[in-house]
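K.L.:
Just so you know, the protein sequences line up as chains A and B, in that order. Counting along the first sequence from 1, when you hit position 346 you're at 346 in the working numbering, and nothing is skipped either side. Each position in the second sequence, counted from 1, maps to that position plus 1000 in the working numbering.
Source of the hints: derived by calculation from the structure; they are not laboratory data. On a predicted model such as this, the values are computed, not experimentally measured, just so you know. We put the CB at the ideal spot given by N, CA and C, even for glycine. One or more of the hints may lead you astray.
To be verified - Beyond 10 angstroms from chain A on every Cβ pair, some chain B residues (computed):
no., residue
1, D1222
2, S1414
3, R1448
4, L1473
To be verified - Derived contacts from chain B toward chain A, CB cut-off under 8 angstroms, selection only:
no., residue
5, T1057
6, P1103
7, F1214
8, Y1316
9, D1354
10, I1356
11, A1357
12, I1420
13, L1422
14, N1423
15, V1436
16, R1462
17, F1497
There are 2 protein chains.
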Amino acid sequence: MGLTPSAAHPSVLSIDKVMKQAADAAPRFKKTDPTKKAEFLEAIASNIEELGDALITCAQKETHLPVARLQSERSRTCSQLRQFAVMVREGSWVEASIDSAQPERKPAPKPDLRKMLIPLGPVVVFGASNFPFAYSTAGGDTASALAAGCPVIVKAHPAHPETSSRVAGCIILAAEKTGMPTFVFQHVTDTSVESGQALVMHPFTRAVGFTGSFAGGKALFDLANSRKVPIPVFAEMSSVNPVCILPQALKEDVVAIAARVAVSITNDMGQFCTKPGLQIVPDNEDLVRYVKLLAEAVSKVGPVPMLHEGIAANFYKRKKESLDVQGVKLEAASVVPSSSLLGFPGIASVTASDFIAHLTLHKEVFGPWSLLIRCKDKTEMLQVIDTLEGQLTASIFGTTADLTANSEIIESMSNLAGRIILNGVPTGVEVCPSLVHGGPFPASTDSRFTAVGVPAVKRFVRPQCFQNFPDELLPVELKDKNPKGIWRMEDGEFKRF
Amino acid sequence: MGLTPSAAHPSVLSIDKVMKQAADAAPRFKKTDPTKKAEFLEAIASNIEELGDALITCAQKETHLPVARLQSERSRTCSQLRQFAVMVREGSWVEASIDSAQPERKPAPKPDLRKMLIPLGPVVVFGASNFPFAYSTAGGDTASALAAGCPVIVKAHPAHPETSSRVAGCIILAAEKTGMPTFVFQHVTDTSVESGQALVMHPFTRAVGFTGSFAGGKALFDLANSRKVPIPVFAEMSSVNPVCILPQALKEDVVAIAARVAVSITNDMGQFCTKPGLQIVPDNEDLVRYVKLLAEAVSKVGPVPMLHEGIAANFYKRKKESLDVQGVKLEAASVVPSSSLLGFPGIASVTASDFIAHLTLHKEVFGPWSLLIRCKDKTEMLQVIDTLEGQLTASIFGTTADLTANSEIIESMSNLAGRIILNGVPTGVEVCPSLVHGGPFPASTDSRFTAVGVPAVKRFVRPQCFQNFPDELLPVELKDKNPKGIWRMEDGEFKRF
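The task is simple: from the sequences and hints, build the whole structure.
P.N.:
Written as structure tokens, this is what we have:
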């Protein structure tokens, strides 16, 4: 792109400059016409596409992810940006609401009150190692914050700094081309922990988006809450995505279920926040066949390079910690990797009582690993579910008869997670308004929001009420004549035109 | 009512019992038919009304608030409950969203995804001393949490325990009469700090609502964030509600503005979270007249008993702290109170530079007190606004010419607050969907939500996504045929039937 981001390689001291520039951009960006904002988001997508194979090659070199996967992730990233553009152009997302004045009302007159969502201000985004496009520099957090009207500051991920810089160039170029305020987007290429902390602690920062480890997300959450003025942090952190297989389904669909779950565990070396890390299964003769099929399938995969050596090292460390727990039995052959980067899938099993007794087994093992929890009966299944932490997803395989007979299991699994799946695997996140990517802690820091889909914009806005404003001083979304033709709540009725 | 709440006078140990009972009630209350929930909310309102004068007398004795005010507050409380009942019965508030399956889509089939808001679980409510009805036992927090489908645990306020118990009786009786699950509402009459902490820390508590002091709200917020599983706290805490008077309005409307602002400062001894505690005014000859009119008006009010001796003592302490600051000039005669309960209004003034230099002047003085900040020009006004903390409200008095010439002031004041008011005073909160009662920290702990109006329900719900569910297993709000006829987002289109 031939573009040097202005905030390249700042020292921690210059974070102050970055945040002042973002704060300067905030009021101008807030006032920018939604149509222009939509063009900006679309231009980012086009610029990313225009980088073509060079960007894929760069990302492949930095992340070792397969080319086909990176192409599909890039396509998802651009599609996300365009979905937000559609939302911004259409305009109803601001939840405009009008309650008309009643000057004659007794005992007191009713004032004119109008409300809409407005941007919080500068948002700091920390991308993910495992999604160099879709959850990184121009990923869902950046797209939703820009759609909200918030300037964005992205801290480059140390695992793919060059990919991040190239994508940042696309955003900055798009901002210039579509006439956005200067510094509406800034890219901080200093990947130190200190610069990340300085970004979160800066008084001009108004919200944080994070995707990554529990340790990282929780540290930022605590830091943000320790500020004189605490700010919201939406951190998507840790999930083991339990899959419960009910008895009749295990008997009747064992081949198909084993095939689907094996792919979900091993695809891209299981480096997904929605990888099924736990399976709650009946301890019966059908399970023997399931374990055999699953073990065969996962053993055929790999070795394959993982994202980086740190991820691989942590995978083997966490896998060993699981295997060291009393009663945990390795079920799929695991080879000693020939290089410190290579991953090799594995599965293990444990009884429900040993699982319940050992909390280390409840924690995420990031990578191609899944633990089967052998349950004697429905009661034990429910006991296991009861001990689990909050999750992004919870999946249940069951025939119609299974599901009818096990409504408590559906209910308990639902309580755990943001997304509950019947007869499907948790990987393969569909980007659409009805998706929820988030869930009870520690899946995310605030289960009231989603990180995927256009409703993710809600993380970065607040309602503002305008009392007794003359029409000419109201934002366009709240003017009497509804010039944008958006959906509004008008005196209790949903109306469009 | 002849009703003894089951959780009367629990020790801290028995908080565990209270929370287990709430957790037991949660799944049953979640599944309760919305029509029945609406009847429950309406029955609470009717029961409160049926207590008649006895309840007003009790509240008057405990809070020293005037009878007429208490009657109007009770009426607001019942109206709030009925507004939530209307919302629950109508049903569209769950934000149902459907994205249909596309089994033939390439490269991958699209699953059926549906989403709606579900209750978080048990909510602990801490009421306010200054609103024994509308922000207490059956106030906005309780009404919105019950409307969301969350069991509620109210900790009685020590300043009006008998009023709280009587209202709690109304709720429990309404729950019984309308067939709600046992323990859908519990009243904790142990007013100790320890029992409050135990409620916030209990693992079954899923969210907290609080209205009160900054110290109290911030302590609960920090406590909730220190939990192994942090939970959301919506605390409405501290606001000085700046009022900016622009020059032409000060010249032309001085009599009317002084009269309105004086009432807003002194009504019910200024014991409102929206009392105008700061006034940003031009330091010119019109101000001399304004100060004289305001001083005369406020000096005619009182002495009047305040809510309790602690509130009165704190009022005089904070007032003295303000007056002790260099450059602060008392403008309205203040008398030494004849009893430790009596309040007497006062106003003072200070230059912009002295105000900016002394942060103690920026903090709320709860009671009938307002500080005028004398500004040399617009630049100084903007400098003052820039130093202010987050607010519930920000008000501007201005003629059309004033407002046109001072768009930066409107913009800066808007950035501070959840509600921005033109030519009106901040007291007198209208309960309607377009109201925002909340604002940037420290006005509230999360500016993304409101505590007043039916959207307050959003604090206590989370979205849940249902993937690949057969119609018979979906909640009624998400079934194909939309049997409740609610507004839903269906494949990107808002539809009702």
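K.L.:
Mind checking the CB of F1214/B against every CB in chain A and telling me if the closest is under 8 angstroms?
P.N.:
Violated, about 12 angstroms.
K.L.:
Could you check if T1057/B really has its C-beta closer than 8 angstroms to a C-beta on chain A?
P.N.:
Violated, about 22 angstroms.
K.L.:
With chain A as the partner, please determine if I1356/B meets the hint condition of a C-beta pair closer than 8 angstroms.
P.N.:
At about 16 angstroms, which exceeds the 8 angstroms cut-off, the nearest Cβ of chain A leaves the hint on I1356/B violated.
K.L.:
Beyond 10 angstroms from chain A, beta-carbon-wise, is R1448/B?
P.N.:
The claim is violated: R1448/B sits with its nearest Cβ about 5 angstroms from chain A, within 10 angstroms.
K.L.:
Is the nearest Cβ of chain A still more than 10 angstroms from the Cβ of S1414/B?
P.N.:
violated, 7 angstroms
K.L.:
Minimum Cβ distance from R1462/B to chain A below 8 angstroms?
P.N.:
Status holds, d = 4 angstroms.
K.L.:
Should the hint that Y1316/B touches chain A count as held when the rule is a Cβ pair under 8 angstroms?
P.N.:
Status violated, d = 27 angstroms.
K.L.:
May I ask you to test the interface hint for I1420/B with respect to chain A, counting a Cβ-Cβ separation under 8 angstroms as satisfied?
P.N.:
Because about 6 angstroms separates I1420/B from the closest Cβ in chain A, which is inside the 8 angstroms limit, the hint holds.
K.L.:
Please check whether N1423/B passes as an interface residue: C-beta within 8 angstroms of a C-beta belonging to chain A.
P.N.:
holds, 6 angstroms
K.L.:
Check the non-interface label on L1473/B: least C-beta distance to chain A beyond 10 angstroms or not.
P.N.:
violated, 6 angstroms
K.L.:
Hint validation: F1497/B versus chain A, beta carbon distance must be below 8 angstroms. Holds or violated?
P.N.:
violated, 13 angstroms
K.L.:
Hold the hint about A1357/B up to the distance rule: shortest CB distance to chain A must be less than 8 angstroms.
P.N.:
violated, 18 angstroms
Of the numbered hints listed earlier, those contradicted by the structure are 1, 2, 3, 4, 5, 6, 7, 8, 9, 10, 11 and 17.
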